[in-house]
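Protein chains in written order, with our numbering: chain D, 2 to 432; chain G, 2 to 432.
No wet-lab data here; the hints were simulated from the structure. Since the model is a prediction, treat every value here as computed from it, not as a measurement. Hints may be right or wrong, so weigh each one.
No distinction is drawn between identical chains; accordingly, a pair holds when it is met within one copy or between any pair of copies.
Stated by the list, open to error - Okay, derived cross-link-like pairs now, EDC-like style, lysine to aspartate or glutamate, Cα gap no bigger than 20 Å in a straight line:
#1 Lys214 / Glu179
#2 Lys257 / Glu9
#3 Lys212 / Glu179
#4 Lys257 / Asp149
#5 Lys212 / Glu58
#6 Lys214 / Asp175
#7 Lys257 / Asp148
#8 Lys65 / Glu179
#9 Lys65 / Glu94
#10 Lys261 / Glu9
#11 Lys316 / Glu351
Protein chains: 2
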Amino acid sequence: MAQRAYIESVAQQQGEQVTIKGWLHNKTDKGKLHFLLVRDGTGTIQAVVFEDDVSPETFQAAQKVTQESSVIISGTVRAEQRAPGGFELTLGELEIVQLAEPYPITPKEHGVGFLMDHRHLWLRSPRQHAILRVRAEVIKACRDYFDDNGFVLVDTPILTPAACEGTSTLFETDYFGESAYLAQSGQLYSEASIASLGKVYCFGPTFRAEKSKTRRHLLEFWMVEPEMAYADLEDCMCLAEEFVSYIVRTVLENRKAQLKLLERDTALLERVEPPFPRITYDEAVDTLRSKGLDFQWGDDFGAPDETALAEAFEKPLLVHRYPSQVKAFYMEPDPERADLSLSVDCLAPEGYGEIIGGGQRIADYDLLLQRIDQYNLPGEAFQWYVDLRRYGSTPHSGFGLGIERTVAWICGLEHIRETIPFPRMLHRLYP
Amino acid sequence: MAQRAYIESVAQQQGEQVTIKGWLHNKTDKGKLHFLLVRDGTGTIQAVVFEDDVSPETFQAAQKVTQESSVIISGTVRAEQRAPGGFELTLGELEIVQLAEPYPITPKEHGVGFLMDHRHLWLRSPRQHAILRVRAEVIKACRDYFDDNGFVLVDTPILTPAACEGTSTLFETDYFGESAYLAQSGQLYSEASIASLGKVYCFGPTFRAEKSKTRRHLLEFWMVEPEMAYADLEDCMCLAEEFVSYIVRTVLENRKAQLKLLERDTALLERVEPPFPRITYDEAVDTLRSKGLDFQWGDDFGAPDETALAEAFEKPLLVHRYPSQVKAFYMEPDPERADLSLSVDCLAPEGYGEIIGGGQRIADYDLLLQRIDQYNLPGEAFQWYVDLRRYGSTPHSGFGLGIERTVAWICGLEHIRETIPFPRMLHRLYP
Chain D
2 MAQRAYIESV AQQQGEQVTI KGWLHNKTDK GKLHFLLVRD GTGTIQAVVF EDDVSPETFQ
62 AAQKVTQESS VIISGTVRAE QRAPGGFELT LGELEIVQLA EPYPITPKEH GVGFLMDHRH
122 LWLRSPRQHA ILRVRAEVIK ACRDYFDDNG FVLVDTPILT PAACEGTSTL FETDYFGESA
182 YLAQSGQLYS EASIASLGKV YCFGPTFRAE KSKTRRHLLE FWMVEPEMAY ADLEDCMCLA
242 EEFVSYIVRT VLENRKAQLK LLERDTALLE RVEPPFPRIT YDEAVDTLRS KGLDFQWGDD
302 FGAPDETALA EAFEKPLLVH RYPSQVKAFY MEPDPERADL SLSVDCLAPE GYGEIIGGGQ
362 RIADYDLLLQ RIDQYNLPGE AFQWYVDLRR YGSTPHSGFG LGIERTVAWI CGLEHIRETI
422 PFPRMLHRLY P
Chain G
2 MAQRAYIESV AQQQGEQVTI KGWLHNKTDK GKLHFLLVRD GTGTIQAVVF EDDVSPETFQ
62 AAQKVTQESS VIISGTVRAE QRAPGGFELT LGELEIVQLA EPYPITPKEH GVGFLMDHRH
122 LWLRSPRQHA ILRVRAEVIK ACRDYFDDNG FVLVDTPILT PAACEGTSTL FETDYFGESA
182 YLAQSGQLYS EASIASLGKV YCFGPTFRAE KSKTRRHLLE FWMVEPEMAY ADLEDCMCLA
242 EEFVSYIVRT VLENRKAQLK LLERDTALLE RVEPPFPRIT YDEAVDTLRS KGLDFQWGDD
302 FGAPDETALA EAFEKPLLVH RYPSQVKAFY MEPDPERADL SLSVDCLAPE GYGEIIGGGQ
362 RIADYDLLLQ RIDQYNLPGE AFQWYVDLRR YGSTPHSGFG LGIERTVAWI CGLEHIRETI
422 PFPRMLHRLY P
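The following block holds chain D by itself, in its conformation from the complex (with noise of 0.2 Å):
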């Protein structure tokens, strides 16, 4: 057989003789033409069956080869301007691998539970495929800013003896007689890591057991979380907007193709670029009640409300000055109120909603002690934190984005299940 090539490259092969393995992803048949289409996880190509120019085996394989079967095929590259992508190939050999049962995705439409079911099958069709090329790529876009920035990964551990941010959405399980709980972010591991290498991130999977069943939530999801000694508030929603551009601008780059086959709107994201506009939480209060809406200052935003604000700018939106009382215990209290945090959260336009939460951490032992106390935290599981306050305290701050809602809202998708290979959400531990 012919040298394998990728579908993807095959434009600098043609005249060529090529082999490519991949799957049947659709066919057509014609009487004495058989229409091919071949997926092979790089792209998709259109072989062209002529009975006159294979042996008769080879015919008999195009008419019988199902959908989702494995096939390895061998053909001339030909320049076709009809054909997606611009290339087809004309068949001259065509092995079955395996020859597929009848496949449960079919071109007619599918319940979401039924595809659910068979996520593991799901993954295949041209949308999945291109969702997950672009969470790839936003997360390859994360490391790269931050690698390229100074900051250097630390992996934070999953297996917690304490919790960060509430104990009633914790994951627990038993840690040889101890309890252990999954970690819901790895910033407090992060703030020690800052005392030894300055600028940090950390990245991998968090935890909530939240027993919510929305649009945006994932039991277990991605977060990217990158913290800074010597860093302000001011810091932080520079170091924001830069970030969240950046990933913009990379899959807007590297990621046409995909966009385009989900029918995304590029116009919108191509205006995601430094500064972002900011408001006070005060404000936005403000802009709340002038739109109508009953809200109680001290109150968090919902979902409606998270919409209401970002729907004023074109842009992603920076919300700062929190009331400390919805913000977790390591806020820094804003030195002009007490009442406020150093904090920002930056909401995508479109109603995506938050992507981003984080700001400018306490510094100060004595505060610190005092918050743990008040929001009645486990003392003895904090000292090691603590003890950051102790040994080169300094002011510093950072954020957590997350990914699936980053993916959601720059691939334009309606819920957030879509933008992970394997969701988890209330009673969805399948496949």
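Following the hints, complete the assembly by docking chain G onto the known chain D.
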């Protein structure tokens, strides 16, 4: 104050006024002179404080500043051959951001238990800092290698309904009434993803609730796992040797200073280039017996066996075709000998043991079903996995590389506990 600089790049700022934000690593007092060793995460620099050149307040601050206090220093960068790094700072100003309490980790020797209890502070020591930098470099090398060679990242789930390799070493958690287990591998999910993407890799934390306390084991560790459609054992071995060589080469190029600080003999690492020596399991058994070890055919290799096998070679060793009975249920049998599997382990030199395990997976539906039955695995939970053999099954292979063992080997560490920021071991869940 002068513009902020980072120590790693002061060489470009010779003669300039700069400000550095960091921590006091150490100091020497010589009457009218103080030598402050300051680190900022990117490096360490000596600041010279001469009483006649600075304000009385600054000189007093230099007198009272304690180990690990956070400090902001300003001064002029001067070339100084005797200084580590070749530069020092003639100090003009010194601000103590937070005066550290007496630091628990002093230059004297500390026991490992004490250091592990203070891991959140121990990370700041030059040795731990160097290891963390190497770790980050290893991980970046892994990702770059796969991203640049046509693999797509897929994040496989941590919370899973069933165990990949036996059930005795699983962390279990309640998932709203169901039992969920922390993943020991992402492989089965990667196998589903290759039919969409061709070549994939997953990279995340994995968990083994093993009651063992050796210098090679962690309960939580990171693993990178490539998986390829249309790939056999030979492809798998070629990928392994190319991949491992790339990681080692990248660290040698980019982390010279850290390897030097760790006193790593890099001559042995320089030799790590493809091809790696390859021996069969049968040959390995003969080797062990010829060395006088009492080894039973059909057993798995223990740490002493791995060390004995590897010591004859200067490069990592590929051992292939283990008996099926010591490998997981999904291993493809050797068509030439049904009692062997198409598996491969990669053993690092110098006694570091197995860093890679992998091989070719079963492609046939009936055989896979039979194995699941033989291994007493819950058929229901594996239904989706078996499905992959009904719809476009291909010969496919892949492996997992353990990050911590790889870092231990490259750094030349005696114990794996120093390779991860916050190790999780038997009875070690804090900090």
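| request: Since the copies are identical, ignore which copy is meant and state whether Lys257 and Glu9 lie within 20 Å (CA to CA) inside a copy, between copies, both or neither. | output: within (14 Å within a copy, 38 Å between copies)
| Within, between, both or neither, where Lys65 and Glu94 count as close if Cα-Cα is 20 Å or less | Within one copy only: 14 Å inside a chain, 82 Å across chains, cut-off 20 Å.
| query | For the identical chains here, do Lys214 and Asp175 meet the 20 Å Cα criterion within one copy, between copies, both, or neither? | reply | between (27 Å within a copy, 18 Å between copies)
| message | At most 20 Å between alpha carbons: which applies to Lys65 and Glu179, within, between, both or neither? | response | Close neither inside one copy (59 Å) nor across copies (43 Å); limit 20 Å.
| message | One pair to classify: Lys261 and Glu9, alpha carbons no more than 20 Å apart. Within, between, both, or neither? | response | Within one copy only: 16 Å inside a chain, 43 Å across chains, cut-off 20 Å.
| query | How would you classify Lys214 and Glu179 at a CA-CA limit of 20 Å: within, between, both, or neither? | reply | Answer is between; shortest inter-copy Cα gap is 17 Å, intra-copy 31 Å.
| said: With identical chains, the pair Lys316 and Glu351 could be close in the same copy or across copies; at 20 Å between alpha carbons, which is it: within, between, both, or neither? | reply: within (9 Å within a copy, 55 Å between copies)
| task | Since the copies are identical, ignore which copy is meant and state whether Lys212 and Glu179 lie within 20 Å (CA to CA) inside a copy, between copies, both or neither. | result | between (25 Å within a copy, 14 Å between copies)
| request: Could you figure out if Lys257 and Asp149 sit no more than 20 Å apart (CA to CA) within one copy, between two copies, both or neither? | output: This pair counts as between: shortest inter-copy Cα distance 19 Å, intra-copy 24 Å.
| query | Given identical chains, is Lys212 near Glu58, meaning Cα to Cα at most 20 Å, within a copy, between copies, both, or neither? | reply | neither (57 Å within a copy, 58 Å between copies)
| task | Evaluate Lys257 and Asp148 at a C-alpha cut-off of 20 Å and name the case that applies: within, between, both or neither. | result | between (24 Å within a copy, 18 Å between copies)
Violated hints for the displayed structure, listed by number in ascending order: 5 and 8.
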